[in-house]
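K.L.:
Chains A and B are the protein sequences, given in the same order. Letter by letter, the first sequence follows residues 0 to 232 in numbering that gives the first Met the number 0. Letter by letter, the second sequence follows residues 0 to 216 in numbering that gives the first Met the number 0.
A few chain A residues that face chain B, going by a derived Cβ cut-off under 7 Å, partial list only:
| # | residue |
| --- | --- |
| 1 | Leu-17 |
| 2 | Ile-186 |
| 3 | Ala-202 |
Simulated restraints, written as ranges between beta carbons of each label pair:
| # | chain 1 | residue 1 | chain 2 | residue 2 | range |
| --- | --- | --- | --- | --- | --- |
| 4 | B | Thr-45 | A | Glu-128 | 35 to 45 Å |
| 5 | B | Tyr-8 | A | Arg-134 | 54 to 64 Å |
| 6 | A | Tyr-222 | B | Val-58 | 15 to 25 Å |
To be clear, the hints were calculated from the coordinates, so they are not data collected in a lab. Heads up, the beta-carbon is just placed ideally off N, CA and C, and yes, glycines get one too.
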Amino acid sequence: MSNPGLLLLQDVLEEPELIDWEWLRENFWEDIVPAFQGHIFLSFMSVAIALVIALPVGVISARYRKVYPPVTFVTGILYSIPSLALFAILISIPGVAIGPAPVIIALVAYSLLILIRNTVAGIDSVPPETIDAARGMGLTNRQILFRVELPLALPIIVAGIRIATVTIIGIATIGAYINGGGLGALIFDGINRQFPTMIIAGAVLATGLAIVADVLLLGLERYLRPWARARRT
Amino acid sequence: MLSKILEVYARPDFPEKLREHVVLSLVALLVAVAIAMPVALTIRNTRLGAAIAINIGNVGRAVPSLAILALALPLLGIGFASALVALTALAIPPILINASTGLREVNKDIIDAARGMGLSGGQILTRIQLPIAAPVIFAGIRTSAVQTVASATLATFIGGGGLGDLIVEGYSRRGPEILLAGAIAVAILAIITEVGFGALERAFTPKGLKIAQKRGR
Chain A
0 MSNPGLLLLQ DVLEEPELID WEWLRENFWE DIVPAFQGHI FLSFMSVAIA LVIALPVGVI
60 SARYRKVYPP VTFVTGILYS IPSLALFAIL ISIPGVAIGP APVIIALVAY SLLILIRNTV
120 AGIDSVPPET IDAARGMGLT NRQILFRVEL PLALPIIVAG IRIATVTIIG IATIGAYING
180 GGLGALIFDG INRQFPTMII AGAVLATGLA IVADVLLLGL ERYLRPWARA RRT
Chain B
0 MLSKILEVYA RPDFPEKLRE HVVLSLVALL VAVAIAMPVA LTIRNTRLGA AIAINIGNVG
60 RAVPSLAILA LALPLLGIGF ASALVALTAL AIPPILINAS TGLREVNKDI IDAARGMGLS
120 GGQILTRIQL PIAAPVIFAG IRTSAVQTVA SATLATFIGG GGLGDLIVEG YSRRGPEILL
180 AGAIAVAILA IITEVGFGAL ERAFTPKGLK IAQKRGR
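Start from the sequences, fold in the hints, and give me the full structure.
P.N.:
This is the structure in structure tokens:
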């Protein structure tokens, strides 16, 4: 803590110029836009891969109840490991190089708990009478799943996607530490170069992206719940 | 590898890093509770207040934890104190959201019944609203605690110390055993926090509520 280098850093940072607009203009296309695109790629890729895993696991857990507690136990433990620690553990595995791959693996791991839990909750929310009616109409189990249960569960699944996406956009910034790219690269560069403008640019864009994703997915969630809309009006 | 990791734990600076990590997390959490709870109590009966609290909480959740810590650097300088302020700011939203929704969602009929029995506003709060909302409030504190322990790992980037120091040391010096030692210690601390606060949450759920929950399921 009594590192003289750190004290020097503090003196430099006490200069009050927080936003260097010149720098933002000059580096917009070279630094900021690629970081933003990289962040979108990392976040949405991770949530998409997580969905491909979580949907079948969620459906199986909803059907075979015994599977569900061990699934939530394992994904729950994954979820509670701090991201920097999970990145560190992943890059310690032989054959895993630093870069976007371990970041995406970790982000997928974090999304699983939320997505699986909401898939199960969504299927559980389908009233038994509705399923009885479907069966009475002669639908097979597979048809009931795809035509009745999953469509009715969709709003709750989308709610899970929304929470996972907002969480993942935040955690993805930390991935830049192990060269995952994205907006975190701006934040870490800003810390290392003692340049607040980069920190603020990364922070504002990551927050903005999270809020936009939140609002869009909330809109989708409402759109998929026409019965709730009808009740409200 | 395992013995090398254990050697890191035997280093004289390990207890110090662990202590810093626990102090950072615990103090941030306590201050956050001390700020969020009075706010939640004050606004518990107003619609507008609750809407504002939830929106502030939601926006707060959208700000990446790394961003809050990094922003503390130009604003507050480097070191333990600014990491503590940043972590406190991060710890508030989950507590505020859960406390204000928990208190608001206490069944109005129950409150009416209590009022009919002659309980005062203060009595309704301490004997009805708080016990019924306790599980939701503690769930918020647990979320916040686990998140704070995780974010405290990032304090190292602004000179705040903690177990993140080991991860950074291991990463920059290419010392895989130091990297793993730090990561495993942080992971265990986070899981202990999750399990410990989960137990606290159950302990603070009133007996009557537990019975009602079981019947409901």
